[in-house]
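Trainee: Letter by letter, the chains look like this.
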Amino acid sequence: MNKEKEVIYGLYDDEEILLSAVKQARADHLDIMDVYTPFPVHGLDHAMGMEESRLHIAGFVYGAIGTLTAFLFMTWVFTRDWPIIFGGKPYWSVPAFIPITFELTVLFSAIGMTVTFFTICGLAPGRTNPTLDDRITDDKFCLAFDASDSGEDVRDGLRNFLSSTGASEVNLKTI
Amino acid sequence: MSVVVSPIREPLIEGGKTYHQITEDICSPTEKAPNLAWIIAFTLSTIFLGVFVFTVAWTIYFGIGTWNLNRTIGWGWDITNFVWWIGIGHAGTLISAILLLFRQRWRTGVNRAAEAMTIFAVMCAGQFPLIHMGRLWLGFFIFPYPNTRGPLWVNFNSPLLWDVFAISTYLTVSLLFWYSGLVPDLATIRDRSKGIRRKIYNAFSFGWTGSAKHWQRFESLALVLAGLSTPLVLSVHTIVSFDFATSVIPGWHTTIFPPYFVAGAIFSGFAMVQTLMVITRKVLKLEEYVTLQHIDSMNKVILLTGTIVGVAYLTELFIAWYSGYLYEQYAFYNRVLGPYWWSYVGMMACNVLSPQVFWSRKIRRSVVWTFVMSIFVNIGMWFERFVIIATTLARDYIPSSWSYYVPSWVEIGIFLGTMGLFFTLFLFFTRVAPVIAVAEVKAILKAGGDQYIGPNATHQHHTHGEVKTGAH
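Those protein sequences? They're chains A and B, same order as listed. Our numbering puts the first residue of the first sequence at -8, with every later residue one more than the last. Our numbering puts the first residue of the second sequence at 253, with every later residue one more than the last.
These are calculated hints, taken from the structure and not from any lab test. Quick caveat, the model's predicted, so the values are computed rather than measured.
As a list, the in silico SDA-like pairs of lysine to any residue whose alpha-carbon atoms are at most 25 Å apart:
1. B/K465 <-> A/E(-5)
2. B/K446 <-> A/E160
3. A/K(-4) <-> A/M41
4. A/K14 <-> B/Q468
5. A/K164 <-> B/A455
6. B/K465 <-> A/Q15
7. B/K465 <-> A/A138
8. B/K534 <-> B/S297
Looking at chain A on its own, in the form it has when it is part of the complex (with noise of 0.2 Å):
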């Protein structure tokens, strides 16, 4: 695990105020550890700047190694392995072998891409990891600056910052 990190977070109460702090912040060049909210609010990426998720580029490759797999098996088996004639029908009978092709890459891709979604983002059953609050997975929406560093000047500025931007409560949590 990660060294303890000593946090300075503020708690909205609404999606909107939090966007407006979240501007704010990258407006001031204020260094934002994260955002935590209950559900996933538009545009916040763009507001942190976040770049655009590449997990369905990891998906595309997931379900074309799963096309060929099926495809490329079915035919060594029918063409080179033990090859049986199936209703007067030829040895490489392409047709026939679409729809496992199909579900096969449905299913490759479905689960290398829920699986990489979950150990990129560093869960897993029986996982813990650290929360600021726990009304933050209920109504609450939290803006978190990392204040490890930070003396003390600078963290009355990030608390400030925070409660200016229209935070309900501020907070210093070692996590």
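Put chain B on the given structure of chain A with help from the hints.
Mentor: Below, chain B without anything else, positioned relative to chain A:
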């Protein structure tokens, strides 16, 4: 949040909910002791589950000779039930995936329960091909694994094998889609609880924090899984219909089967969603989240798909006559007027005629009508599968092998038993997980809450220099 909502849209969340109130309303049923209605329902379901275990054990011990299948009619209630359950599953994927792609906000009220229904229905469906094998312990033969018999591979050209891949993929993908959506909501329950309960929910919520980056990836995952599930769900029932359509049996060998099966699947699935949600919203007091507006929308889908299957039935009859092919003509004559005429009548009455009452807005918005109709549709769709399977097989090419089939008590027991399995799982689910997607409902609150839109709106929306919501 800047949202554009048409002024004619009706609210999807009633009662002027706050975010906290949504959490409270949806999570609290999992935190309280179950009420009497739940206990009675759960007891009944487990009794039927017991019937399932008993009849399946009986089948496995004595063999499928305990069923009344014969040489002519090799597929009876077992495959009928299989197709019926698979079809029921389709509505869950339709609601969660296709309506997500179409950006239908009303899906958030019902998608979680509908996806759970999908998974449980597919689990019930999967029982039938397995026990129909007779020798269940050789069930792994259906998978292409390297074996010591050559290796002798499975027949990749057979629709029955396509079914194996389609159903197992469908179950897996539905499960992933459902569970990944459930993780943030389980974290909500985790953060509300203490002690051992918190530990359990912590394990199941994977350490979710609600970080912005995680949400961004979460949405990307949901969108791609929806994009994958959409053709998947269409492929599953298409492949199920191939079990019949690629055969050379008159009455089965038709190109209309894939679209007609898919429409029928969505039709029966929505009916089952209605059956479940009408009860669930009442028992768990979630009427403000699953509103009459939701019920109305689903009834419209039932009306549309019911009419599609109606057109398909008539098309089949016309094509049979027009084909000029004696055996095809006889197959359909036999369907309508043969020994199983009563099941054709049941199918037509329940699937085609009865949903037409939903042209009336008043009936679409009546909970009682909806519930009764949903039962009718479930019965009708079961009849449809029975008509296709048993009726067609009962009269084959040689009159000397014509037969009639009545299920044995074992077959009836297995079917009722899968109901027990299904409802046991569903009732268990309502106790341990939020039956409505909490985070998703919160995300549409400002676009669907009755304090923001509709006639009683009190909040004028402040948006960031963009279009205002239609609170007129």
